[in-house]
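There are 2 protein chains.
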Amino acid sequence: MPSHFQLLKTDTATAARRGRLQTLHGVIETPIFMPVGTQGTVKAVTPVQLREVGAQIILGNTYHLNLRPGSELVRDMGGLHKFMGWDGPILTDSGGFQVFSLSKLRNIQDDGIAFQSHLDGAKLFLGPREVMTIQANLGSDIAMVIDECPPWPCTRDECRAAVDRSYRWAKLCKQIATDNGFLAGGHHVFAIAQGSTYDDLRREAAESLAELDFPGYAVGGVSVGEPEPEMLKQVAATTPFMPAGKPRYTMGLGTPSQILKMIGLGVDMFDCVHPTRVSRNGAAFTPDGMINLRNERYRADSSPLVEGLDNYTCRQFSRAYLRHLVMANEILASTLLTIHNLHFYLDLVAQARARIEAGDFAAWSKAWISRYEAGEASG
Amino acid sequence: MPSHFQLLKTDTATAARRGRLQTLHGVIETPIFMPVGTQGTVKAVTPVQLREVGAQIILGNTYHLNLRPGSELVRDMGGLHKFMGWDGPILTDSGGFQVFSLSKLRNIQDDGIAFQSHLDGAKLFLGPREVMTIQANLGSDIAMVIDECPPWPCTRDECRAAVDRSYRWAKLCKQIATDNGFLAGGHHVFAIAQGSTYDDLRREAAESLAELDFPGYAVGGVSVGEPEPEMLKQVAATTPFMPAGKPRYTMGLGTPSQILKMIGLGVDMFDCVHPTRVSRNGAAFTPDGMINLRNERYRADSSPLVEGLDNYTCRQFSRAYLRHLVMANEILASTLLTIHNLHFYLDLVAQARARIEAGDFAAWSKAWISRYEAGEASG
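Residue numbers (full-length UniProt numbering), protein chains in the order written: chain Z, 1 to 379; chain Y, 1 to 379.
Because the hints were derived from the structure by calculation, they are not lab data. Quick caveat, the model's predicted, so the values are computed rather than measured. Careful: at least some of the hints might be erroneous.
[Said to hold, decoys possible] Take a look, some chain Y residues computed to stay more than 10 Å from chain Z by CB distance:
no., residue
1, D76
2, D288
3, S302
[As the list claims (entries may be wrong)] FRET-style restraints, in silico, Cβ to Cβ:
no., chain 1, residue 1, chain 2, residue 2, range
4, Z, P240, Y, D310, 52 to 58 Å
5, Y, R315, Z, R299, 37 to 43 Å
6, Y, S302, Z, R277, 49 to 55 Å
7, Y, D310, Z, L24, 26 to 32 Å
8, Z, Q109, Y, S302, 55 to 61 Å
9, Z, R68, Y, E307, 44 to 50 Å
10, Z, R156, Y, R315, 40 to 46 Å
11, Z, R277, Y, E207, 44 to 50 Å
For each residue, glycine too, the CB sits at the ideal point set by N, CA and C.
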């Protein structure tokens with residue numbers, strides 16, 4: 001049986017990889033960025049617009065969808081793909097991270113986490129059985145195991161306990177997905193390696209999970225408040241101990257330059273609300289950093305957001321018009337900026353793929369990051 | 001020289017007309033509904049989506065665009081079409097109506113209206129010279145004269161004064177548009193007949209403006225608080241005295257059934273914020289009346305908003321999904337409902353055109369209105 005993941009090329013100067021991941025809803029070329037569709041929609045854009053900007057796979061959030069409209073309803077409506085009108089691959093998180101970041105009165109137990117809904121205070125419980133059932137209801141192409149994400153900073157004992165519990169839960173998730181036919185049906189389940197800032201625990205987490213032979217692996221517990229160098233150090237302490245033949249994913253990251261840095265560390269998949277969130281605040285990415293259209297300097301600027309970038313927003317609209325929409329609080333501002341900002345991210349990873357293939361990823365990414373960060377610093 | 005307006009057919013059982021209006025940015029098949037783009041965008045949809053739902057012409061609001069971003073800026077950016085990325089025809093109102101409905105401390109003078117901006121209280125003035133200059137800056141295909149819209153109800157003396165002043169201003173607007181080459185350049189200017197509930201003043205307004213030979217004529221001062229029968233009576237008291245060979249437009253109207261009733265009175269063009277506004281409140285039109293998706297009954301409703309209606313929203317999404325988006329306050333709810341509701345209006349006028357051509361408009365519109373209003377009453 002051919003593997004679901006083909007490693008097409010590994011960079012010699014960095015750990016960057018060019019790969020191809022097969023899912024039930026199509027092939028994903030990696031490295032890839034995955035737009036986030038928290039509540040069954042990537043905010044402010046249609047599935048058609050997502051395709052137009054080059055989205056290959058999107059995220060759904062188990063925590064949110066399970067609270068509203070409920071995973072049984074989504075299942076009864078034909079699954080998440082049909083429900084939201086997106087026929088490409090969907091990755092769903094397990095909901096564990098949102099339990100830690102959003103819910104009230106959580107209580108970690110051996111078989112899961114008891115918590116209260118942030119919407120109405122309802123008492124809920126998520127453990128391996130629940131998250132695998134919910135993600136099966138949603139029909140995820142890639143389901144994530146439930147894990148315990150320790151805070152930053154945390155003590156070694158806290159981290160040790162989180163790594164151990166995450167391992168037990170991951171093993172149980174895989175067992176459930178095997179028993180109920182989820183894996184045999186062609187769906188994937190990815191494990192998540194924790195370990196906080198403890199390099200040896202990061203390695204232990206990655207190696208122990210590797211033995212369980214998951215279809216893919218994620219670095220969890222990064223970007224939870226730590227500075228960027230610490231975050232990159234944690235990723236670098238984890239990826240070398242993940243199986244080379246499986247896709248690697250850092251959850252919830254990052255800025256454009258962070259994504260290039262992590263590609264250089266051997267990461268294949270990324271998701272982040274950053275490009276969609278800043279769009280709703282009037283900001284746009286450029287190769288010289290992020291700009292905010294509320295700035296008076298764009299009032300009569302007839303140039304596009306990025307000259308020559310081939311998306312609807314850059315082809316059709318001036319900075320002056322986009323600024324007008326932002327100042328007038330028009331919904332179309334969010335839509336057009338989301339189109340641009342998602343395309344900027346997806347174009348960036350497409351460029352990274354081409355550079356890995358061409359063999360000059362290291363020099364290109366260094367120059368790209370240098371220009372971007374210089375613009376951010378002066379902007 | 002061929003006329004800019006061809007009257008293709010006039011119904012025998014009603015006063016309905018099938019026509020074709022030539023503008024600088026293309027041909028408009030009438031009767032037509034014109035989506036409203038108040039601030040340089042039809043709220044929540046892109047120009048591409050407008051084309052997909054069958055929009056032939058859209059509206060821009062002179063009052064709003066002149067306050068923000070300013071008509072000189074729009075002119076400097078290449079005109080409103082280029083600014084907002086819409087290459088079809090645009091009709092702009094004169095801004096007079098918004099001065100009456102939105103601004104503070106207005107003072108009607110012989111040569112225009114002094115008022116304060118509703119945004120920042122700035123002291124402004126709009127008269128024939130100003131509104132024609134602004135609409136030339138915007139590059140409107142169809143500019144409207146400035147008029148005085150009396151309140152409902154008003155005394156005969158108030159109405160008489162408004163009709164007289166509106167006539168003088170209309171004459172001056174036409175003179176300005178002649179002198180500055182606006183009309184010769186192929187732009188149109190439409191006059192507006194006032195007259196409130198006084199049938200003889202309505203007739204006088206229509207006949208006196210007809211003598212000025214405008215490219216088109218509007219019924220103004222309707223839907224300002226009066227009940228529907230009174231509104232239809234005012235339209236019926238005006239249209240017979242407008243030139244048959246020119247397009248007729250009722251400003252700011254109406255519900256789907258009102259539009260069919262006014263087509264039957266010989267009106268060719270309509271605009272209204274109703275379909276775009278209700279979209280942002282979770283409502284959708286159906287042949288059986290308007291429904292609100294917040295209603296619990298749609299929670300697990302897998303059917304489209306309207307079975308067989310060929311728009312993106314009805315082809316791809318269930319009522320259950322749209323309800324979920326509405327309940328979760330997602331921007332996509334506004335976009336998908338606006339797509340549906342605008343298409344519903346544009347499909348309705350397309351059906352009306354076909355029925356006028358086929359000669360059975362009267363029976364069809366009666367049955368359509370009957371079903372729609374029965375649904376509204378029971379909904």
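Subject >> Verdict on Y/S302 as a residue remote from chain Z, using beta-carbon distances over 10 Å >> reply: With a cut-off of 10 Å, Y/S302 comes too close to chain Z, as the shortest Cβ separation is near 6 Å.
**OP:** Run the C-beta distances from Y/D76 to all of chain Z and say if the shortest one exceeds 10 Å.
**Re:** Given a closest Cβ separation of 6 Å, the condition is violated.
**OP:** Take a look at whether the Cβ-Cβ distance between Z/R277 and Y/E207 falls inside 44 to 50 Å.
**Re:** 59 Å, violated
**OP:** Over 10 Å to the closest beta carbon of chain Z is the bar; see if Y/D288 clears it.
**Re:** 23 Å, holds
Subject >> Supplied distance hint 44 to 50 Å, evaluated on CB atoms of Z/R68 and Y/E307 >> reply: 26 Å, violated
Original post:
Is the hinted range of 55 to 61 Å satisfied by the C-beta distance from Z/Q109 to Y/S302?
Top reply: Check failed, 37 Å falls outside 55 to 61 Å.
**OP:** Using the Cβ atoms, figure out if Z/R156 sits within 40 to 46 Å of Y/R315.
**Re:** At roughly 56 Å between Cβ atoms, Y/R315 and Z/R156 fall outside 40 to 46 Å, so the hint is violated.
Original post:
Using the C-beta atoms of Y/S302 and Z/R277, is the stated range 49 to 55 Å upheld?
Top reply: This hint is violated: roughly 31 Å between Cβ atoms.
Original post:
Falls inside 52 to 58 Å, the C-beta gap from Z/P240 to Y/D310?
Top reply: Between Z/P240 and Y/D310, where Cβ atoms are some 54 Å apart, the hint holds.
Original post:
So does Y/R315 sit 37 to 43 Å from Z/R299, Cβ to Cβ?
Top reply: Given about 40 Å between the Cβ atoms, the range holds.
Original post:
Would you say the C-beta atoms of Y/D310 and Z/L24 sit inside 26 to 32 Å of each other?
Top reply: 29 Å, holds
The structure is inconsistent with the numbered hints 1, 3, 6, 8, 9, 10 and 11, although it conforms to all the rest.
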